[in-house]
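A.B. asks: Now for the letters of each chain:
Number of protein chains: 6
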Amino acid sequence: MRAKDIMSTNVATIRGSATVEEAVRVLRLKGLRALIVEPRSGNDAYGILTETDIAANVVAYGKDPKQVRVCEIMSKPCIVVNPDLEVEYIARLFANTNIWRAPVIQGELLGIVSVTDIIRKGDFVEQPKVIYIQKELEKAISEARAISAKSGITSQAAIDAWEVVEALEAEAYYYGVPKPEKDAREEFSEELRPQIKEMLAIGK
Amino acid sequence: MRAKDIMSTNVATIRGSATVEEAVRVLRLKGLRALIVEPRSGNDAYGILTETDIAANVVAYGKDPKQVRVCEIMSKPCIVVNPDLEVEYIARLFANTNIWRAPVIQGELLGIVSVTDIIRKGDFVEQPKVIYIQKELEKAISEARAISAKSGITSQAAIDAWEVVEALEAEAYYYGVPKPEKDAREEFSEELRPQIKEMLAIGK
Amino acid sequence: MRAKDIMSTNVATIRGSATVEEAVRVLRLKGLRALIVEPRSGNDAYGILTETDIAANVVAYGKDPKQVRVCEIMSKPCIVVNPDLEVEYIARLFANTNIWRAPVIQGELLGIVSVTDIIRKGDFVEQPKVIYIQKELEKAISEARAISAKSGITSQAAIDAWEVVEALEAEAYYYGVPKPEKDAREEFSEELRPQIKEMLAIGK
Amino acid sequence: MRAKDIMSTNVATIRGSATVEEAVRVLRLKGLRALIVEPRSGNDAYGILTETDIAANVVAYGKDPKQVRVCEIMSKPCIVVNPDLEVEYIARLFANTNIWRAPVIQGELLGIVSVTDIIRKGDFVEQPKVIYIQKELEKAISEARAISAKSGITSQAAIDAWEVVEALEAEAYYYGVPKPEKDAREEFSEELRPQIKEMLAIGK
Amino acid sequence: MRAKDIMSTNVATIRGSATVEEAVRVLRLKGLRALIVEPRSGNDAYGILTETDIAANVVAYGKDPKQVRVCEIMSKPCIVVNPDLEVEYIARLFANTNIWRAPVIQGELLGIVSVTDIIRKGDFVEQPKVIYIQKELEKAISEARAISAKSGITSQAAIDAWEVVEALEAEAYYYGVPKPEKDAREEFSEELRPQIKEMLAIGK
Amino acid sequence: MRAKDIMSTNVATIRGSATVEEAVRVLRLKGLRALIVEPRSGNDAYGILTETDIAANVVAYGKDPKQVRVCEIMSKPCIVVNPDLEVEYIARLFANTNIWRAPVIQGELLGIVSVTDIIRKGDFVEQPKVIYIQKELEKAISEARAISAKSGITSQAAIDAWEVVEALEAEAYYYGVPKPEKDAREEFSEELRPQIKEMLAIGK
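Residue numbers (the working numbering), protein chains in the order written: chain F, 188 to 391; chain S, 188 to 391; chain G, 188 to 391; chain W, 188 to 391; chain H, 188 to 391; chain Z, 188 to 391.
Some clues are possibly wrong.
Calculated cross-link-like contacts (lysine-lysine; reagent style DSSO-like; alpha-carbon spacing at most 30 Å) [as the list claims (entries may be wrong)]: (1) S/LYS263 / G/LYS253; (2) W/LYS337 / F/LYS366; (3) W/LYS308 / F/LYS263; (4) G/LYS366 / H/LYS253; (5) F/LYS326 / G/LYS366; (6) H/LYS326 / G/LYS253; (7) W/LYS308 / Z/LYS253; (8) Z/LYS308 / W/LYS263; (9) H/LYS253 / G/LYS253; (10) F/LYS253 / G/LYS263; (11) S/LYS322 / G/LYS263; (12) S/LYS253 / F/LYS322; (13) W/LYS326 / H/LYS366; (14) F/LYS326 / G/LYS369; (15) W/LYS369 / S/LYS326; (16) F/LYS191 / S/LYS217; (17) Z/LYS369 / G/LYS369; (18) W/LYS253 / F/LYS322; (19) S/LYS191 / G/LYS263; (20) F/LYS217 / S/LYS308; (21) G/LYS253 / Z/LYS263; (22) H/LYS191 / G/LYS253; (23) G/LYS253 / H/LYS308; (24) G/LYS326 / H/LYS366; (25) S/LYS308 / F/LYS308.
Everything labelled a hint here was simulated from the structure, so no lab data went into it.
Predicted, not measured: the structure shown is a model, and the values here were computed from it.
Here chain F stands alone, though its shape is the one from the complex:
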C-alpha cells in the first residue's frame, strides 16, 4: 500500500499572508488538522501549517490569532511525500523527522497523508512487511539454490538469483531483522565446500 492509497484528498490551502484566525476558521469549518500553503509561483516551495504549529506558537503564548500571520509559524519548505511511497516508508520518514502529516505531491498537490491514515487505512496488520519479506526471502533462497544446483554456481542465472536474495536480505536488515552470522549465499557456499572437495578428490 502506498501514499496514494491511504491519503486524504480533502485538502485545503491557505495563503502565507492570511492570519492565523483565518486558518483556524478553515480548520474548524472543514474539520481538518492541517492546511497546505501553496507556492506563490511555479518555482516556489510548498509549506504546511498544522494544528500543533498553532498550539505551540500562538495558543501557548496567549497571542492574538488575528495578529499572527500564517507565514510566521508555518513550516516551509515542508517535507513532501511521493504518491508511490509505501506505508512503511511513510511511517519511517515521519518517525525520523518527527512530523505526522505531509502533502502528497507529484507535479501538483494530490492530497495529504497523516499518521491517522497510516493506522486506519494501512495494511500493516494484515500484511506485516517483515513477514512478507521473510517469505519472499525463503522463496528466493530455494530458487537460488535450485538454479545453482542445476546451472552451476557460476552461471549468470545463479548470480542473478543470489543477487535477488541479497537485496531481500538487505531489506530485512533495514527493517531491523537481526543479521545472521553468515548470509544465505555464504551458508550455501560452505555446505558445498565438502562436496567440491570430494569432487576434486574424485577428479584426481
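With chain F fixed as given, assemble chains S, G, W, H and Z onto it according to the hints.
C.D. replies: Only chains S, G, W, H and Z this time, still in chain F's reference frame:
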C-alpha cells in the same frame, strides 16, 4: 476555558498485555487516535498508546502487530492533565514535552484532551489570553493608582492593589510580553517623586 | 518504594513575580536546587524554577538577575509526581521528559523528588524490579499450571490465574525483558496438546 | 539561485546490500562525503549514506565495516531537494531537519547539494534575500499607492497591487523581519481617512 | 570567577569495569552526584558517570545494578572544563550540551564543577557580566573618542583604542545584547563628518 | 590512530568582531568548512564558526552577512579535542554532541579534526576496534589462565592478569559487545570448582 470544557469523553482503555493488533482494531472501530492503558492496581500509573507510537515502533519497522504487546511501546507513566488546567497551559505543556494528547484525570479517568480539541473548541480566537491580561492589567493599574491617591501609597489597600498589578505583570511576561524598562509601580513612584519633593519643600 | 518514601519535604516556594536574584538568595540560603512556583489561585497550575533554568537563561547570557523575573524562565505548568508513584516509574518519567526533579502533589504540595533522592534513597540496588517481577512470574506460572491441572484449563480459576501471568509478562516486557517466542500460556497449551489428543483417542 | 545552480553532479550510488567497507572505499576513492542508495525498483524510495552515519554507527562503536551493511545505517527514505528550490529554502530545510546534504531529484537523480555548496556557491552574500525583499516591497507599495490614487482604491488594479504587497510582506515575516503595528495597506487606509471624511463633508 | 574558584575538589573516581552497584555505594557513601572514570592509560580519555545515567539506564528499566557495568552506561569521552573557564562560559557550555556537571582537568584531574556550584558560588548576582561589559564599553568608547580627538582618528593609538571598543561590542553581542543600527565607531565617524566638511570649507 | 594523526593543520582563525561576510570570504578563499575563533586573552575560551552555523542562522533567514557578526552565531566555548584522543573516541564524542568538527588543542591550537578526516584517514576499516579488543581479550584470558594454573589463583601475578582481562572486557562492553552471562574470571572459577572439590576430597 479548561481541560474539562474541551476534552473528549469518548475514551477507550486497553490492557498493557494486549497485542498491538488488538489496539489497532479498537482505534479503527471507535475512530480514536489514542488508547489509555489503565493502572493494574490502585497505586499503579496511567499509560497511553498513541497512533504515533504504533507508526514509529511497529509500522516503520514492518513488525507484525500480532507479535508486539502494548506494554512494549506505550508511554508509561504518561503525562496527565488536571481537568481545571487552562487551554493556554495545556498548549504550553504539550509544546514543552512534545506530546499532543493526554488523559484528563482527577481521582479517576475523566477524558482525553488533544491538540485538535484545543484548536477546535478552545476560545483562544475569541479571547486571546494576552489581550485579556493586558486589559486586566490596565484596570488593575488604574485601581492601584486610585487607591494610592486616596488611601496613601503605604496603606495596606494600596500595597494589596499593587500586588495584584505585579501578579498580572508576571503573567504577561510569562506569555512573552516584553518587559518594560520600569514596571507599573516603579513608574508610578517616579511620577510621585517631584510631587513628594514639592510637598516636602512646602512643608519646610 | 514510592515518591512519598524518598521525596524531600524541605521545599520552598516563590512567586512568579519575584526576581531571579530573590530566587538565587533563597536557593543559597536553604541549600536547595529548585523552587516551586505556587498557583496564584485554586485553579492555576504549579510551576518550577530549577538551578539549570537560571544557569541556562540568566548566567549563560550574562544577564542581571535583578532584571529577570521568575515567570520569564520557570517551567509552568510543570510535570508533577503523584506521592504513590513507584521509584522505577519516576526514573522512567524523568528520563522520558529530560527533567530531573518535580514537585510531589496530591491536592496540595507534599514535597519535591529528584534524581538524587532516587539514587540515594531508592531500593533499586537491594530490590531490582526485573528480578522481583521474574520471581513473581515464576510463582504465578506454577500456580496457573497447578490450578489448570486441578480445576481444568477452562475453569474460571485457571483463566484468572493465567491473566495474572499475562499481566506480569506485560510488566516484564515493559522493563525491556526480551519477549520469548511463546508466552507462558502458549507453552503450556502446546505441552498439553499431545495429552489432549491422546485423551481424545482414548475417548474414541 | 537554486539547487540546480549550486549542486554537485559528482555523485556516486551504492546498493543497500553493500558493506560499509565498500562504501568507505568509494567515499575515499571519489573524495565524496555521502553516497546515494538508489531505489531497487521504480516505486522504491531513495536513501542516503553520509560520513556521519558511518562515524556515529560504525566507528564510534568500533564495529567492523566488513560486517555492517549499508542498509542497516542509511537514511531511507531520505529527504530530497527539488532542483528549483532556492538556496535560502535549502538552508531552512537543512536547519529544520538537521541534515546537511541531500540528493537533488526530479524524475531522476540529478546531483547532490550540501551545506558546503550553499556557503561556497550561494549568492547570499551578494544578494541577501531580506534586503532584496525589502526593496521589492518598497517598490510594490509605491506602485500600489500610485494605482490606488489613479484608479481608485476599490479598482481591481489597486486590489491586485495591494495583494502583491501583502505577499511580499508575508515573505519578509517568514524571514523573520519584525511585523510592524500596521501593515502597508492599513497605513495607507488610515492616511486616506481624513481625506475621505473631507470629501464626504464637501459632498454634503 | 572561574571554574577553579567554584569547583568541588571532593571527587571520587571509579573503574569502568566496576558494577553500577559499586558506583551507587560510592555515591551514597561520599554524598556525590557523579563519579569520574579515570583513563586506563596516559593516552586514554576521561569518562563520567552521573546519577542521571544510572536513573535513566538502570533504575528506569528495573535492571539489577550488580549486573550492569559502569562502562556500559558512562559518558566517555566526557566534556571537560579548563580550570580557567569563566562561570558564564561554563553555564553556556552546559546549556549547549545539556550536561550539568563536568570534570575540571588540566594535565590532571583537579575537581568537578556542577550547575549547583555555578548557582551557589558564582558571582553572577553581584557582578552580572552584561552590566560589566557595558560599563567597560562606555569607558572604552570615551577613551577612543578622546584619543581620536587628541591624536587624530588615523593615529595608531586611535586605531588600537577602537579595536578594544570593537572587541567589547563583540562580547556584548555574544551575550545577546541587541546590536544597534550603527556600532560606536560608525556613529563617531558620522558625527565627525559635518565637522570635516566644515573644516574643508574653511580650508578653501 | 589519534586526533593528531588525522587532523588537518590547514586552519584559519577569525575575530569574533568580524562580520559573517568576512568569514565567508575566508572559508571560500581557503576552501575550509569552519573557522576557529581565537581567545581574546590567555584565559578566554576557544570558539568555532562552521558552515552550518552560517547556513542555519544567516542564509536560512535571508539575513545580510555584512550585518551579522561572528560573535552572534559562533559556538563558544567550543568542544575541543586532545591530540591524543583515539579516532573511535572522536567519533563517539561527535555523535554524542552532534558536532562534526572541532579544534585540536593542547596548550595551543594544533589543528582541526572533522568527520571527513575520520572517514578518510582513520584506520577503522583495517583495524576495527572491537575485533582488536576481542583478540587482546582472548590473549589476556589465556595468559591469566596460564598464570593462575602456574602460580595459583590467589597469587599477585594472577590477580594482576585477571585485572587486565576485566579492563579489556569493560572496553568491549563500552563498544557495545553484548555482556555474557558470566565474565571470563567467573567462568574460570566455575570450571575450577569440581577440581577444587576433588582436591579437597583427596586431601581428606
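A.B. asks: Each hint should be assessed against the structure and marked as holding or not.
C.D. replies: So, going through the hints one by one against the coordinates:
1. S/LYS263 / G/LYS253: Since the Cα atoms of S/LYS263 and G/LYS253 sit roughly 40 Å apart, the hinted pair is violated (cutoff 30 Å).
2. W/LYS337 / F/LYS366: Violated: W/LYS337 and F/LYS366 sit about 75 Å apart, past 30 Å.
3. W/LYS308 / F/LYS263: 22 Å, holds
4. G/LYS366 / H/LYS253: 22 Å, holds
5. F/LYS326 / G/LYS366: 27 Å, holds
6. H/LYS326 / G/LYS253: Since the Cα atoms of H/LYS326 and G/LYS253 sit roughly 23 Å apart, the hinted pair holds (cutoff 30 Å).
7. W/LYS308 / Z/LYS253: Within the cut-off at roughly 17 Å; holds.
8. Z/LYS308 / W/LYS263: Satisfied, since the Cα-Cα distance of roughly 27 Å is no more than 30 Å.
9. H/LYS253 / G/LYS253: 48 Å, violated
10. F/LYS253 / G/LYS263: 25 Å, holds
11. S/LYS322 / G/LYS263: 22 Å, holds
12. S/LYS253 / F/LYS322: Holds, at roughly 17 Å.
13. W/LYS326 / H/LYS366: 28 Å, holds
14. F/LYS326 / G/LYS369: Holds, at roughly 25 Å.
15. W/LYS369 / S/LYS326: Measuring from Cα to Cα gives roughly 25 Å; hence the hint holds.
16. F/LYS191 / S/LYS217: 24 Å, holds
17. Z/LYS369 / G/LYS369: Given pair Z/LYS369, G/LYS369 holds - Cα atoms ~26 Å apart, limit 30 Å.
18. W/LYS253 / F/LYS322: Roughly 27 Å separates the two Cα atoms, so the pair holds.
19. S/LYS191 / G/LYS263: Since the Cα atoms of S/LYS191 and G/LYS263 sit roughly 19 Å apart, the hinted pair holds (cutoff 30 Å).
20. F/LYS217 / S/LYS308: Holds: F/LYS217 and S/LYS308 sit about 14 Å apart, inside 30 Å.
21. G/LYS253 / Z/LYS263: With a Cα-Cα distance of about 25 Å, the restraint between G/LYS253 and Z/LYS263 holds, given a limit of 30 Å.
22. H/LYS191 / G/LYS253: 26 Å, holds
23. G/LYS253 / H/LYS308: Status holds; Cα separation ~17 Å.
24. G/LYS326 / H/LYS366: The given pair, whose Cα atoms are some 70 Å apart, is violated under the 30 Å limit.
25. S/LYS308 / F/LYS308: Satisfied, since the Cα-Cα distance of roughly 27 Å is no more than 30 Å.
Violation of the numbered hints given earlier is confined to hints 1, 2, 9 and 24; the remaining hints are satisfied by the structure.
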